[in-house]
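Asks: First to last, the sequence lines map onto chains A and B. Numbering-wise (our numbering), the first sequence opens with residue 1 and increments by one. Numbering-wise (our numbering), the second sequence opens with residue 1 and increments by one.
Keep in mind that the hints were calculated from the coordinates and are not lab data. None of the values given here were measured: they were computed from a predicted structure. Treat the hints loosely; a few may be bogus.
[Claimed, not checked] Here are the simulated EDC-like cross-link-like pairs (lysine to aspartate or glutamate), alpha carbons at most 20 Å apart as the crow flies:
| no. | chain 1 | residue 1 | chain 2 | residue 2 |
| --- | --- | --- | --- | --- |
| 1 | A | Lys-437 | A | Glu-57 |
| 2 | A | Lys-95 | B | Glu-101 |
| 3 | A | Lys-95 | B | Glu-52 |
| 4 | A | Lys-97 | B | Glu-318 |
| 5 | A | Lys-45 | B | Glu-52 |
| 6 | B | Lys-50 | A | Glu-423 |
| 7 | A | Lys-514 | B | Glu-99 |
| 8 | A | Lys-79 | A | Glu-540 |
| 9 | B | Lys-50 | A | Glu-166 |
Protein chains: 2
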Amino acid sequence: MSQMFSQTLRQAPAGAEVKSHRLLLRAGFIRQLAAGLFSYLPLAKRSLAKIENILREEMNAIGGQEISMPVVHPAELWKETGRWYEIGSELGRFKDKNEREMALAMTHEEVIGDLVRKEIRSHRQLPQLLYHIQIKWRDDPRPRAGLIRAREFTMKDSYSLDADEEGLDRQYRNHYQAYFNIFNRCALPTLAVRSDVGMMGGSMAHEFMYPTPIGEDTLLICDACGYTANRQIAEFRKPPAEPEEPRKAEKIETPGADTIEKLARFLGIPESKTAKAFFAVATITEGTEDVERFVLAVVRGDMEVNETKLANAVRAKELRPAREEEIRHAGASPGYGSPVGVKDALVVVDDAVKDSPNLAAGANEDGYHLINTNYGLDYEADIVSDIALAGEGDACPRCGEAMRTTRGVEVGNIFKLGTRYSEPLGCTFLDAEGDSKPVLMGSYGIGVGRLLACVAEEHNDENGLVWPITVAPYEVHLISLGGGEAVAEDLYRELTGRGVEVLYDDRDERPGVKFNDADLIGNPIRLTVGARSLERGGVELKLRREQESELVPVEEVAQSIERRLAALRTEIEERVVEVPFEE
Amino acid sequence: MSQMFSQTLRQAPAGAEVKSHRLLLRAGFIRQLAAGLFSYLPLAKRSLAKIENILREEMNAIGGQEISMPVVHPAELWKETGRWYEIGSELGRFKDKNEREMALAMTHEEVIGDLVRKEIRSHRQLPQLLYHIQIKWRDDPRPRAGLIRAREFTMKDSYSLDADEEGLDRQYRNHYQAYFNIFNRCALPTLAVRSDVGMMGGSMAHEFMYPTPIGEDTLLICDACGYTANRQIAEFRKPPAEPEEPRKAEKIETPGADTIEKLARFLGIPESKTAKAFFAVATITEGTEDVERFVLAVVRGDMEVNETKLANAVRAKELRPAREEEIRHAGASPGYGSPVGVKDALVVVDDAVKDSPNLAAGANEDGYHLINTNYGLDYEADIVSDIALAGEGDACPRCGEAMRTTRGVEVGNIFKLGTRYSEPLGCTFLDAEGDSKPVLMGSYGIGVGRLLACVAEEHNDENGLVWPITVAPYEVHLISLGGGEAVAEDLYRELTGRGVEVLYDDRDERPGVKFNDADLIGNPIRLTVGARSLERGGVELKLRREQESELVPVEEVAQSIERRLAALRTEIEERVVEVPFEE
Numbered sequence: 001m002s003q004m005f006s007q008t009l010r011q012a013p014a015g016a017e018v019k020s021h022r023l024l025l026r027a028g029f030i031r032q033l034a035a036g037l038f039s040y041l042p043l044a045k046r047s048l049a050k051i052e053n054i055l056r057e058e059m060n061a062i063g064g065q066e067i068s069m070p071v072v073h074p075a076e077l078w079k080e081t082g083r084w085y086e087i088g089s090e091l092g093r094f095k096d097k098n099e100r101e102m103a104l105a106m107t108h109e110e111v112i113g114d115l116v117r118k119e120i121r122s123h124r125q126l127p128q129l130l131y132h133i134q135i136k137w138r139d140d141p142r143p144r145a146g147l148i149r150a151r152e153f154t155m156k157d158s159y160s161l162d163a164d165e166e167g168l169d170r171q172y173r174n175h176y177q178a179y180f181n182i183f184n185r186c187a188l189p190t191l192a193v194r195s196d197v198g199m200m201g202g203s204m205a206h207e208f209m210y211p212t213p214i215g216e217d218t219l220l221i222c223d224a225c226g227y228t229a230n231r232q233i234a235e236f237r238k239p240p241a242e243p244e245e246p247r248k249a250e251k252i253e254t255p256g257a258d259t260i261e262k263l264a265r266f267l268g269i270p271e272s273k274t275a276k277a278f279f280a281v282a283t284i285t286e287g288t289e290d291v292e293r294f295v296l297a298v299v300r301g302d303m304e305v306n307e308t309k310l311a312n313a314v315r316a317k318e319l320r321p322a323r324e325e326e327i328r329h330a331g332a333s334p335g336y337g338s339p340v341g342v343k344d345a346l347v348v349v350d351d352a353v354k355d356s357p358n359l360a361a362g363a364n365e366d367g368y369h370l371i372n373t374n375y376g377l378d379y380e381a382d383i384v385s386d387i388a389l390a391g392e393g394d395a396c397p398r399c400g401e402a403m404r405t406t407r408g409v410e411v412g413n414i415f416k417l418g419t420r421y422s423e424p425l426g427c428t429f430l431d432a433e434g435d436s437k438p439v440l441m442g443s444y445g446i447g448v449g450r451l452l453a454c455v456a457e458e459h460n461d462e463n464g465l466v467w468p469i470t471v472a473p474y475e476v477h478l479i480s481l482g483g484g485e486a487v488a489e490d491l492y493r494e495l496t497g498r499g500v501e502v503l504y505d506d507r508d509e510r511p512g513v514k515f516n517d518a519d520l521i522g523n524p525i526r527l528t529v530g531a532r533s534l535e536r537g538g539v540e541l542k543l544r545r546e547q548e549s550e551l552v553p554v555e556e557v558a559q560s561i562e563r564r565l566a567a568l569r570t571e572i573e574e575r576v577v578e579v580p581f582e583e
Numbered sequence: 001m002s003q004m005f006s007q008t009l010r011q012a013p014a015g016a017e018v019k020s021h022r023l024l025l026r027a028g029f030i031r032q033l034a035a036g037l038f039s040y041l042p043l044a045k046r047s048l049a050k051i052e053n054i055l056r057e058e059m060n061a062i063g064g065q066e067i068s069m070p071v072v073h074p075a076e077l078w079k080e081t082g083r084w085y086e087i088g089s090e091l092g093r094f095k096d097k098n099e100r101e102m103a104l105a106m107t108h109e110e111v112i113g114d115l116v117r118k119e120i121r122s123h124r125q126l127p128q129l130l131y132h133i134q135i136k137w138r139d140d141p142r143p144r145a146g147l148i149r150a151r152e153f154t155m156k157d158s159y160s161l162d163a164d165e166e167g168l169d170r171q172y173r174n175h176y177q178a179y180f181n182i183f184n185r186c187a188l189p190t191l192a193v194r195s196d197v198g199m200m201g202g203s204m205a206h207e208f209m210y211p212t213p214i215g216e217d218t219l220l221i222c223d224a225c226g227y228t229a230n231r232q233i234a235e236f237r238k239p240p241a242e243p244e245e246p247r248k249a250e251k252i253e254t255p256g257a258d259t260i261e262k263l264a265r266f267l268g269i270p271e272s273k274t275a276k277a278f279f280a281v282a283t284i285t286e287g288t289e290d291v292e293r294f295v296l297a298v299v300r301g302d303m304e305v306n307e308t309k310l311a312n313a314v315r316a317k318e319l320r321p322a323r324e325e326e327i328r329h330a331g332a333s334p335g336y337g338s339p340v341g342v343k344d345a346l347v348v349v350d351d352a353v354k355d356s357p358n359l360a361a362g363a364n365e366d367g368y369h370l371i372n373t374n375y376g377l378d379y380e381a382d383i384v385s386d387i388a389l390a391g392e393g394d395a396c397p398r399c400g401e402a403m404r405t406t407r408g409v410e411v412g413n414i415f416k417l418g419t420r421y422s423e424p425l426g427c428t429f430l431d432a433e434g435d436s437k438p439v440l441m442g443s444y445g446i447g448v449g450r451l452l453a454c455v456a457e458e459h460n461d462e463n464g465l466v467w468p469i470t471v472a473p474y475e476v477h478l479i480s481l482g483g484g485e486a487v488a489e490d491l492y493r494e495l496t497g498r499g500v501e502v503l504y505d506d507r508d509e510r511p512g513v514k515f516n517d518a519d520l521i522g523n524p525i526r527l528t529v530g531a532r533s534l535e536r537g538g539v540e541l542k543l544r545r546e547q548e549s550e551l552v553p554v555e556e557v558a559q560s561i562e563r564r565l566a567a568l569r570t571e572i573e574e575r576v577v578e579v580p581f582e583e
């Protein structure tokens with residue numbers, strides 16, 4: 001430690017609000033270069049190398065072949081799949097010396113596709129699983145929480161190539177299990193949840209979520225049947241409306257009733273007997289052009305609009321709430337809106353609205369509502385779809401039991417891409433009958449730095465980090481105190497000679513400083529040698545996570561350490577279990 | 001091999017002119033994504049991992065601590081050192097989502113400096129040696145020779161931090177030896193040559209050159225005393241002029257004598273009795289501004305101008321030959337030029353010109369020369385410096401013996417940067433007396449992909465690659481032929497169980513195809529098992545580099561392989577020797 005570059009800090013720099021971020025800064029693992037850009041110092045680099053090895057082992061175990069693809073991509077390739085146009089400023093773009101447009105990798109489907117169309121000819125070359133561990137750039141306007149949401153990060157991304165759906169399904173399920181193995185080996189609890197495919201496209205996606213209050217995602221969980229989903233796509237059983245004969249709509253004055261709550265109170269009806277309008281502007285890509293469309297979405301008054309579902313329903317690249325002048329321009333009235341009489345709007349109606357008769361809805365005139373509006377009689381929709389947001393207590397779509405919500409950080413994701421990329425890029429193969437077919441692709445990612453940060457977020461106490469043995473930078477933290485230097489040197493040589501990873505605090509510092517740093521850095525086993533411990537008969541051995549220490553005779557230290565390390569590793573191995581696949 | 005993603009190619013794609021590039025493409029190691037951008041397929045990835053491990057071992061052996069710094073840098077940092085302005089379009093630049101300027105790493109002195117100024121306070125924290133193995137982007141207008149000159153590449157770059165010159169010198173020499181160890185462990189012959197510091201700055205630099213006709217650099221080598229240098233900075237003993245009393249200059253008509261050769265013939269004098277003018281335009285950075293200056297350089301007629309020396313003499317960021325109108329504008333005449341009577345030019349005179357009396361020089365009038373011009377009498381210079389180009393047969397600056405030239409590829413470089421970065425970035429420390437001093441830095445780089453390509457360029461024959469054991473993707477290439485499948489499977493399991501790396505060709509292909517692929521891929525040991533070899537009593541074992549094979553009984557194969565591998569490794573280890581440091 002007297003030679004180690006990184007120093008511990010008494011206090012984290014200002015602006016580090018998340019625990020793992022503060023601790024990784026204080027313990028000298030990382031330093032910030034600029035917003036969302038981090039350098040990994042020697043301790044972090046060691047932990048990252050361990051995580052990367054776990055990733056390699058689990059990828060190799062399901063047939064992965066490691067490759068390495070560039071970070072800089074020619075824009076042409078991203079234009080071929082349309083993502084050059086579909087993705088906004090999150091994608092890094094620049095021009096090279098010869099004025100050719102280039103993209104910075106935010107993911108590698110395009111480059112894999114280019115490799116595949118050049119290499120794969122026959123079904124005999126399939127299936128394949130390729131992966132690499134490589135830099136990505138995603139320009140987040142609000143990088144936060146340290147490594148959890150960085151702009152530049154290292155990712156393990158794998159890509160499966162198959163001749164048929166069964167093959168893709170097998171590779172998808174292989175990753176599902178491999179990902180649980182990876183997180184379990186890092187001692188990180190995770191849930192797999194169904195998720196939005198987003199800019200990746202494809203037919204199915206799961207996110208692996210580390211449940212934590214600092215998470216930016218909300219998850220719906222059914223403890224009864226195991227249904228779990230990201231709120232962005234979570235379904236739920238909507239309370240059905242009472243069947244009634246449709247009545248004739250009638251305009252009434254509703255002064256000041258510009259919210260659903262006020263309207264229901266004014267009319268003396270439940271919120272479920274009202275219709276709620278939401279106005280948005282969607283950016284939709286038509287060919288290589290982006291066009292803006294005004295969107296009017298309607299959900300029942302007892303529900304909220306889910307903007308992700310809405311964006312997916314209209315295939316929007318981006319979607320934002322409409323401004324008042326845009327709402328008025330369409331002939332609608334904020335606070336008193338509905339599709340009735342609105343012009344030039346893309347109308348999207350939640351399926352529950354369609355099945356709920358006689359709802360009170362806006363009259364598109366300030367201070368007025370219509371009572372007894374009915375879908376099909378008073379207005380039509382361009383799209384009828386589920387666009388409602390699931391929340392705490394909503395009924396599980398599978399079993400009907402009440403669901404709960406929790407927050408989580410996405411630490412991995414898996415996508416069944418199908419032909420989303422192979423078709424535009426022309427990745428085809430000849431099947432056994434000699435017919436040309438598109439390769440079926442899957443894409444699977446884990447952010448390495450984010451995983452490290454989540455492990456730090458999960459494993460710490462008031463004194464610092466408490467690393468699991470599989471991710472700790474070193475296995476043993478050896479402290480020499482006054483009079484223990486010679487024995488410590490010997491132990492250091494003996495332990496490292498046996499292949500034990502030892503961080504040796506040989507500094508000329510007070511015991512308190514050394515103990516505090518050991519706690520802050522968080523290696524699993526601490527050994528302390530000083531004149532006092534030697535007088536008492538040996539060396540003090542303490543697990544980072546426990547309070548009690550044990551006195552071990554010097555000649556038994558190596559054996560004792562090896563026994564402890566084996567036990568710590570067994571504990572981790574026992575976490576690795578088979579997990580049933582949940583659609 | 002039936003499952004391996006990469007396929008061998010009968011022919012290299014068009015445009016691959018260099019042997020290593022053709023072979024790495026044909027053998028399925030790499031694929032081009034775009035000009036200067038390459039994907040590394042599984043075979044290359046394995047070889048790269050081995051090279052990276054060698055790099056790590058040698059860096060760790062001299063006290064290196066591995067870290068990882070970002071690829072995307074804030075422009076501010078590059079502005080602080082001035083390189084944002086000094087470096088041209090080779091530096092990748094873009095704006096982030098918030099319109100902040102960003103640079104793509106072409107090297108990491110700035111980021112190291114930023115780390116150092118935040119972490120290093122005291123001399124007790126020095127010396128340090130940090131390194132990482134990370135992506136770089138250098139936008140070459142003419143990427144060529146495959147991995148040898150790529151635009152995106154992985155580099156091992158290390159940075160030393162010292163309190164004094166002795167410390168910097170020690171780290172520089174440590175790298176000098178470590179680099180020879182690295183190249184020797186990769187079985188790549190190299191020379192260390194003194195070189196230009198270029199855009200890196202600093203006081204001393206060596207390049208490690210792999211001598212090969214495909215190299216873009218020319219080296220001067222003295223076999224007598226060991227002096228070696230890149231031609232860009234090579235010095236030489238210039239033949240002295242006969243001492244003579246200066247005579248009065250005189251203008252004479254020299255019709256058509258617009259070259260030195262014609263002039264010398266016309267006047268009946270040796271070329272060494274003439275002065276040669278070279279006109280250039282230099283871009284010079286003054287503060288944050290770039291200005292263009294017209295430069296008139298003069299060497300003796302028996303020498304050529306060295307543009308690198310000239311650029312260094314005038315501290316130019318860029319230097320290009322002047323156009324005719326620029327020459328005329330300065331009052332000079334192309335073909336008949338000299339400093340006499342020229343206005344608004346930065347005049348640079350080679351030291352040999354200063355010491356050579358009575359030279360014939362241009363009169364700056366078409367068709368006329370001056371005879372008997374003398375420095376100090378007929379013209380002055382802004383700068384007198386060595387700006388002459390060394391060539392084949394020139395006298396060694398140390399011992400005077402004739403030097404030879406050879407071409408080479410730069411596979412590594414080491415720079416004594418001194419305070420070039422620590423001063424502008426404010427990297428200071430308090431010395432033992434409590435005085436604030438700038439940290440002394442060194443910077444040391446090896447391109448990983450280029451090193452792989454040079455090893456391929458050095459080790460091949462007409463049938464393909466012939467990898468040294470330390471870089472080969474696999475140690476053993478196992479071929480099963482008809483009737484040998486069961487034995488091959490057993491051997492595969494036995495050998496891999498013993499930790500031997502085996503590429504197993506289990507494909508249903510003709511023997512010729514399998515042998516050709518084995519030769520093309522070039523793993524060091526080939527094992528062939530078929531009904532025929534088994535009838536003859538065993539398995540055919542052949543070294544890739546040898547013609548003869550040996551028949552080994554099945555039960556002795558593992559032992560025999562291990563013996564062969566040990567011998568191959570010993571051969572490499574014997575290459576690793578101490579190399580005396582040559583300034």
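Asks: Now tell me, hint by hint, if it's right for this structure.
Replies: Hint by hint, here is what the structure shows:
1. Lys-437/A - Glu-57/A: 32 Å, violated
2. Lys-95/A - Glu-101/B: 14 Å, holds
3. Lys-95/A - Glu-52/B: This hinted pair is violated, its Cα atoms lying about 31 Å apart.
4. Lys-97/A - Glu-318/B: Given pair Lys-97/A, Glu-318/B holds - Cα atoms ~16 Å apart, limit 20 Å.
5. Lys-45/A - Glu-52/B: 15 Å, holds
6. Lys-50/B - Glu-423/A: Measuring from Cα to Cα gives roughly 37 Å; hence the hint is violated.
7. Lys-514/A - Glu-99/B: Measuring from Cα to Cα gives roughly 44 Å; hence the hint is violated.
8. Lys-79/A - Glu-540/A: 63 Å, violated
9. Lys-50/B - Glu-166/A: 36 Å, violated
Violation of the numbered hints given earlier is confined to hints 1, 3, 6, 7, 8, 9; the remaining hints are satisfied by the structure.
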